[in-house]
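*Asks:* Chains A and B are the protein sequences, given in the same order.
If you're matching positions, the first sequence starts at 1100 in my numbering and goes up one per residue.
If you're matching positions, the second sequence starts at 0 in my numbering and goes up one per residue.
Keep in mind that a hint or two might mislead.
Said to hold, decoys possible - Computed cross-link-like contacts, DSSO-like style, restricted to lysine-lysine with a CA-CA straight-line distance of at most 30 Å:
#1 B/K272 <-> A/K1154
#2 A/K1393 <-> B/K144
#3 B/K196 <-> A/K1498
#4 A/K1200 <-> B/K548
#5 A/K1392 <-> B/K272
#6 A/K1498 <-> B/K118
#7 A/K1200 <-> B/K196
#8 A/K1214 <-> B/K192
#9 B/K272 <-> A/K1200
Because the hints were derived from the structure by calculation, they are not lab data.
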Amino acid sequence: MPLRLSLPRGFAAALVAAASLNSFAAIPEKVTYDDHVLPILQNACNNCHNPDKKKAGLDLSSYGGSLQGSDGGKVVLPGDAAASLLLKCVKGTEEPVMPPKGERLSANDIAIIEKWIALRAPESLASKGAPVANNVVAAAVSLARPSGPPPMPGNLAKAPVLETPRSNALIALAASPWAPVTAVGGQKQVLLYHSDTLELLGILPFPEGLPTIVKFSRNGELVMAGGGVGAKSGKVALWKIGSGERVATVGNEVDQVLAADLSPDQTTVALGGPNRLVKFYNTKDGSLVRSNKKHTDWVTAIAYSPDGVYVASADRAGGITVWETATGAEAVTLPGHKTAVNALAFLPGLLASAGQDGTVVLWDVAEGKERKKWTAHPGGCEFVDFTTDGKIVTCGRDKLAKVWDQTGKALLTTQPLSEIALRAVLSGETVVAGDWNGNIKAFLLADGGKSFGDVGLKPSGK
Amino acid sequence: MNRRRLSPASLSTGLLVLLPSLLQAAPLLEVFPTDAHLRHKLDRQSFVVRVIQDNGIHLDVTNEAKLTLEDASKAVLDKNVVTPKAEGATRLKVEWKGLSAVVPVAVEKPDLEPPVSFKLDVMPVFMKAECNRCHGAARGQDGFKLSLWGFDPDTDYFRITREFPGRRVNLAVPEESLLLTKSDGEAAHTGGKKFEKGSPLYHTMLRWLKAGAPEDAKDIAKVQGVELMPGSLVMEGPGQTFRMNVRATFTDGSTRDVTSTALFLSNNEGTAKVGADGTLTTGARGEAFVTARYGEFTVGTQVIVLPKDLKFEWPKVEERNEIDKLVNTKLRNLRMTPSELCDDLTFLRRAYIDLTGTLPSLERVVAFRDSKDPAKREKLVDELLKQPGFVDLWTLKWADLLQVRTIQNQAYNKTIQLYYNWIRDQILADVPLNELAAKLLTASGSNMENPAANFYSLELDPIRVTEDAAQAMLGIRIQCAQCHNHPFDRWTMSDYRGFMAFFMQVGRKQGEDPREKIIFNAAGGEAKHPVGDKVVPPKFPGAEEPDVKGKDRREVLAKWLADPQNPWFAKHMANLVWAQLMGVGIVSPVDDIRISNPASNPALLDYLAKRMVEHNFDIRKLAKDICTSAAYQRSTRSNETNELDTRNYAKATIRRMRAEVLLDAIADASDNSAKHVGMSQGMRAVEIADAKRTNYFLTTFGRSTRDNVCARDEVSPTLSQALHLLTGDTVEGNIRTGNLVGKLLSSGKKPAEVMSELYLRAIGRSPTQEESNSLEALFSDPEQSKATLEDIQWALLNSKEFLFNH
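Okay, chain A solo, but in the shape it has when bound (with noise of 0.2 Å):
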């Protein structure tokens, strides 16, 4: 049966119902924050009561910071209701009415809110486990091959938690850096799959959204994906890649998460997004460490050094920031893209980025120079990586992908795909490439571009 990156919408709105108890005509019995305050708030406080834009210093979005209250002193006082200024706004009996465009709260949203105060406000239901605990060994930082045999995933699931009848672009791709695996961001889920053989290997399901980025952990043990639901929620998971085992989930942010990387010591998700931060989460207890202000547009890209030193941020009006990764502190600016970046790509000391000028420029990290640049697919380039060895593999807007050396010599110019080239990555000698119709291509590197094979459509392989 062929696989497409999606699931079936019966299934999806069973699932969407599961995940959140939105839509109900009467009040529970007891209500919380989280089970149903917090989807309300969602919906129509948090564009701007979020902790990064935080109007009048009010933060809906989380328990902690809908108690705290505004500048302007608390805004819910448990057990009182009717003197509650959240509740006072959104009704509309006090200024400012909120939310201050679009639609009022409905009746019934309004009435569980009320309730909420009025049960002195409590956070969750008693009954609900315990949130996953993340569980994310710290790893060693080194350049060279693992010890060992290179880590594959074991006996996943392989059953889609979603199947449409039509792909979606293909967003999200990696390979892996030691092991012949391809992963693949699919509908509410991340798809493994054999770089040789294109057979699936195991989903990993990710409900928490489209994943907009998948990326595999310097040692190749652990599979990361990020991303959410647009305008709504975003979210980063982790999954050891030989049990299909999830150990960490962390953010909490108010919109897809767009950009994010795993350091190679695997202590910390560094994520971004429409937000314009650049947010490092602590992969041990899922704690917000920082958050740089600097990107004055989407954050699109985040990449770390495979030595761990430094990680570099891009954004959707052509900056580049590096950090570096002890401090936290900026390292450099890396000025010479006049729009969007679209991805960045790391090796020790060498930075490359890929721009919606077209072009791939190599970056000097340490001097903070260009070393290299040149127009790699007119229109528009997507996406660059490194491979382990240090080839350069892009792909863009005019359906190519191409593997490079550094000196800017194609070395593979794949034929053409159906669409917009999105992602495109070298696993082994096999290139893997997908586009704007959802469509992935298997190239052998030693093939001269031609394709043998679609991932995802034959799982079966070749």
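Chain A is already provided as a structure; the job is to place chain B on it using the hints.
*Replies:* Positioned in the frame of chain A, the structure of chain B alone reads:
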């Protein structure tokens, strides 16, 4: 009997609609639109049924009328909407209280489900939901940009589907596309919820996403015109409703009911509010203009709302010609009684100032006052039209339009004077206005030998030439469309570049004389569209692309402009003449003809344009039509019903004399021969060719600087004007130099006679009994006669009655 009547809104002119007169003998039933053509499965057509009652009030009887299909096997009727069933034709019968109408319904391919189109189906959703209101900003909104008013659907398509792949559309799970979840309130959206999940707008968008967000075929039909029905409404009392109907026609000849996707706006919500579905609700008494926007088109309807059960009786009003009929039709709809005709002396002074820019002489006032000839007003108009003042005045107006002024290192005294003289020669020789315009547009050669060529030497930038030509000759401000489709009009960027293309091949070179410029046809140069950088071939605004191969493009343009069939030129010129004589244009300001600035009386403007053509573009003949109408000769005094009127000519408009005319009037009333800087003794202020010629009085009183085409002369009052008249040297200087009082006294006239003459000269009438009584008391001391009389003269020249034409 078939009582259907053609929908009055004409596509090409948009709003030029004859308001139905109140004189309906019997109620009239109408159905909009007058036919239905259902071309495929998803096609639908809604109908509106209007009754015009015998008292002239319109009712929406769509709900009350009985609608039936003659052959129910061909189409399905649900309330007022027909949808297709089987191929063929039938008729929709509409009945209401004994009145009836029949509308043909044709059904074609009822089983065909057409593919969803981005441009025809999805783009209107952005308009209707007003997405581009925020996202159409120059830098977009919250990271997402759409084109303003959807002028650039190709780029919008790109931005939605491919600018940021994975973000805005999810073709695997279309329901989860951010494009939808932001719009239906599912996800946080700064602009709030724009439409309901499951609404028709939602479904259109979802259908397109489910189809894989396809791009339209290159040759897809485009919207060609939009019609808003009914074309005009007269309603009574607040809280009344009327549903509007919008139909679009496409380049493939098809039509479509777009009522549900058109965007409705009212320019006066207090009088007529319009809902998203096109249902209008009346409010307070007044006039409103309701527009519907669909695609690149905006069309409008005039709505009059009257108080409920207003007691009004139309009196017997003199109608001298067609102008009066048309003005009165509107006044009757508004329930306004026109003011009475003004007296002879008021008319005399008014006609002199309007037609010649001068005051009537003492002798003329006396003769006119005493004449018993019943045709004396008409004869006066004939006489004034032959006077040189008429030529001066219209030369001045054209000099304003053509921005005749010196520009440092570019336009010199010599060339400007030649240009001015050339214009004056044209007016003097009665050159028809369309020929005059054609001469300017096609002018080639030396600007000293052929002064018309200054049209191209005063302005070098093709962008400015384009905009100035559109505004001066067509009354259209096309400026907005340089960078985006005009937000309040029909002009698109393509229209702009198409018009500009006519001026892209004007060559200019320096003559031997440093002041001389030679204009020639360079036969090369193109206008490029800012979106896509494509060459735009010459295209007449709102009309076709002519064949310009091997021709001077300006010749082609001039031919189109001068053609009596031209939809813009005659109307604009007629409005200019009307505004000069009546004080306010039917379209006002006169150089801002646009959908959202509608004519106050479209039928009148149409008629005047028609007369302009019949008169072969002769200003004099049209001026005579206007000046001999009762509408022109009304008193400025208002009555109970027309107090608030400013735009419908129920009474005469009071206006200050323009700067040049006023300056001449002060000199004339003082019997002084003025000397203006750079002019010979006795030359009049209206004859100053160069708008940059220093003259404190003219500058203070707001003469046009002619720096841009819309800098019309400004007659609003300022403190400096009042102070200058009171204490400045203009009034005082003219009294002193003219020494009128001295001359009259020394000729042996008595102070009372002198006073009377001062009155007649300045304000065209004798002092009233009351004025005489109080002023003559001042003449007791003969020693002081001169000083007293000069004080009276000073007071007269400072009076509103003098400064204003009334």
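*Asks:* Return the numbers of the hints above that this structure violates; sort them in rising order.
*Replies:* Going through the list in order, the structure violates hints 1, 3, 4, 5 and respects the others.
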